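With the hints as constraints, model all of the structure from the sequences given.
Taken in order, these protein sequences are the chains called A and B.
The first sequence begins at 1 in the numbering used here and counts up one residue at a time.
The second sequence begins at 315 in the numbering used here and counts up one residue at a time.
Hints listed in this document are in silico derivations from the structure and should not be mistaken for laboratory results.
Some hints could be false.
Here are the computed distance ranges between Cβ atoms for each label pair [stated by the list, open to error]: (1) 135(A) to 425(B): 40 to 46 Å; (2) 30(A) to 338(B): 51 to 57 Å; (3) 309(A) to 431(B): 36 to 42 Å; (4) 452(B) to 30(A): 23 to 29 Å; (5) 517(B) to 5(A): 27 to 33 Å; (6) 120(A) to 379(B): 37 to 43 Å.
Counterexamples of contact, computed for chain B against chain A with all Cβ distances above 10 Å [claimed, not checked]: (7) 345; (8) 373; (9) 444; (10) 470; (11) 481; (12) 489; (13) 515; (14) 534; (15) 552; (16) 610; (17) 613; (18) 623.
Here the structure is a predicted model, which means the values were calculated and not measured.
We treat Cβ as the ideally placed atom computed from N, Cα and C, and that holds for glycine.
These are the residues of each chain, in order.
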Amino acid sequence: MRRRKPRIVEQLWAVVRYELLWNIRKKKFIGMLMAAFAITTLTLALPVILRNMSNMPIESNPDYVISSSGIGGLMIFLFALVTVMNSISGEFESGTIVPLLTKPISRTLILVGKVVAAFITISAAYTLLYVYIVIGGIAIYGPQNNLNLIPLCVLGDLLSTFVWMSIILAIGSLTKNTVLTAVTAVIIFLAMNMGASIISVFTESAWILHYFPGNGATGYLKIPGQTTTYTVGGISTGTDNITKMIIQYILHPSANVTYIKVELGGRPQGIPLKEIYSEQLSLVLFRSIAVAIAYISALIFLTWYALKRAQILE
Amino acid sequence: MELAVETTDLTKKYGTLVAVNKLNLKVKSGTIHGFLGPNGAGKTTTIKILVGLLKPDGGRAVVLGEEVQGDNPKARLKIGYMPELPKFPRHLKGWELLDIYGQMYGVPIQERRVRIRRLMEMVGLKGRENDLIGEYSKGMQQRLGIAQALLSEPELVILDEPSLGLDPVGMVEIREIIREVARGGVTVFLSSHLLSEVEQICTHISVIHRGTRLAEGPLREVISKISGSAVLEVEIAEPPDNAIEVIKSLPFISSVLVEGNKLVIETNADEDVRAQISRAITEAGGTIIYMNMKMKSLEEAFMRLIMKAR
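Structure below.
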């Protein structure tokens, strides 16, 4: 019997469908999306409620949307977690990997399909969220500037999310255990965030953080013509915060980032702060993007290697 | 005859345990081949190597002319496989799963629709296509397992314990499906604990124990080699003295036991030899009052083989 050889695109689409249908029916994912919308609603509505209570009018702010862009580290991590935490390990645990791997499709293509499905799922979720923020922002604060940058915000947040996704996928592929994957990922996330804050604020080694995923070192933006105070307006320079850096870079291409350190037991008056060093924002941003891409590539490769070598005993 | 599956010195170890030990299997195309062995004999491990889930540590396995060494999608294109107690994603509907799997085999969309409808009806899941697999019972998942194994119209169907978890009606239906599939020229390779089931549907068998082959060949041939093929009970009016000698001299007789007027004759022929025995007795001057033939069962042969190997 003559048999038509399946085309790669056709097989890839089959895996994407398989995974997408799973993603959109996952209670965890639906819950996360609802939580994200609830938080966004709260962020939008809270100032309105507070101002109403104190009879203050709401002033129009054409930069509201663009200044609040960037979904934020925790939300990025949680979206990554709920989308891919069981996408490989869950298949091993439930045994559904057996019928899947015995189809005439390579394991490489299965992984590519899963990653593409995660990309589509997260892109859709973030697009919805940004549309909601834009509509809410316009309704409350009037017409908004720089809305053409919104697609870049979605892309930036996607890149940030993919760093965590590749970390979670790699752990899942190595451990083949969803609980272990989730716990390890949460520990890494907390360690990165707490570690980053401590290193960034109290030591002079903030530069180490440039090469780790997550929050990264906290710096202060120095925009020419504007005064910078070190008490407000700190900017995280890690892979979680690519969107904010992209927006700042586009709006202020010649801005610098200054890293500071709190000197314990230093000057008796005021907050004892010491400038460590400054870098151009462009450098900080592109290094962050490069680090994100490096992590994603290395970890997806590790995931692929573990999946390719996996033997299905049960 | 062409071989659908051939393994040569196939070996698989789990640490120090040798699950499959220099196994040599030959499964002829167009047969229903039963794969038997006690628990832990290495049946599932062997099957997993054939479908690319495990990588052998030694020897080789060729399936439909393709060498299988781990992940080789091309080798799986012509194989339909149902794992033991198959598990499918609970979040998919029955038809969605088959549609996605069909797409992986490169079955065009219109053809997929036709096949899914036909297969769902065949395995008794008609009307449940739009339900989530998470709502299926174990038996229904088993039926879906059969459907997905046949979806690509494979040349070789590998079924690992296809009747496990099915009720008696389901078991009969599955047997009928297997026969139907084989009538279309498809090779069926199935492992089963149910020896009566194997005896009813298989044309050929392989018996393995501790990862090594103990016996292989056409079903009746294997049985008769191990325990003789049949036992005939013959009652004769007045047994002439020379009748027993004449019967004993027939080439297909293993033993003759005399209990008064009754003879218990054990044969090792593959075919029905009642006519030859009856003629021999009559020619020796005897009159047959009663004759009954009992074929040796697979269970008997299997037990004898395994006990001997232990």
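Hints, verified against the model:
1. Between residue 135(A) and residue 425(B) the Cβ separation comes to about 45 Å, which falls inside the hinted range of 40 to 46 Å.
2. Between residue 30(A) and residue 338(B) the beta carbon distance is about 53 Å. The supplied range of 51 to 57 Å therefore holds.
3. Range check, residue 309(A) to residue 431(B): Cβ separation about 39 Å, and the 36 to 42 Å hint holds.
4. Here the CB-CB span from residue 452(B) to residue 30(A) is close to 28 Å, well matched to the stated 23 to 29 Å.
5. A C-beta distance of roughly 31 Å is found between residue 517(B) and residue 5(A), which places it inside the suggested range of 27 to 33 Å.
6. For residue 120(A) and residue 379(B), the Cβ-Cβ distance of about 38 Å falls inside the hinted range of 37 to 43 Å, so the restraint holds.
7. For residue 345(B), the requirement that its beta carbon stay farther than 10 Å from each beta carbon of chain A is met, with the minimum near 18 Å.
8. No beta-carbon of chain A comes within 10 Å of the beta-carbon of residue 373(B); the shortest separation is about 16 Å.
9. Every C-beta of chain A lies more than 10 Å from that of residue 444(B), the closest at about 13 Å, which supports listing it as non-interface.
10. Listed as outside the interface, residue 470(B) is consistent with that label: its C-beta sits roughly 12 Å from the nearest C-beta of chain A, beyond the 10 Å cut-off.
11. In this structure residue 481(B) is separated from chain A by more than 10 Å, as the shortest Cβ-Cβ distance comes to about 22 Å.
12. Chain A leaves residue 489(B) outside its interface by the beta-carbon criterion, the shortest separation being 22 Å against a cut-off of 10 Å.
13. Consistency note on residue 515(B): stated as away from chain A, and its beta-carbon is indeed over 10 Å from all of that chain's, at 23 Å minimum.
14. Interface exclusion of residue 534(B) from chain A stands, the closest Cβ pair being 30 Å apart, more than 10 Å.
15. In this structure residue 552(B) is separated from chain A by more than 10 Å, as the shortest Cβ-Cβ distance comes to about 63 Å.
16. Here residue 610(B) stays apart from chain A, with its beta-carbon at least about 36 Å from theirs, past the 10 Å limit.
17. For residue 613(B), the non-interface assignment is confirmed: its Cβ lies about 29 Å from the closest Cβ of chain A, beyond the 10 Å cut-off.
18. Annotated as non-interface, residue 623(B) keeps its C-beta farther than 10 Å from every C-beta of chain A; the closest such distance is 25 Å.
No hint from the list above goes unmet by this structure.
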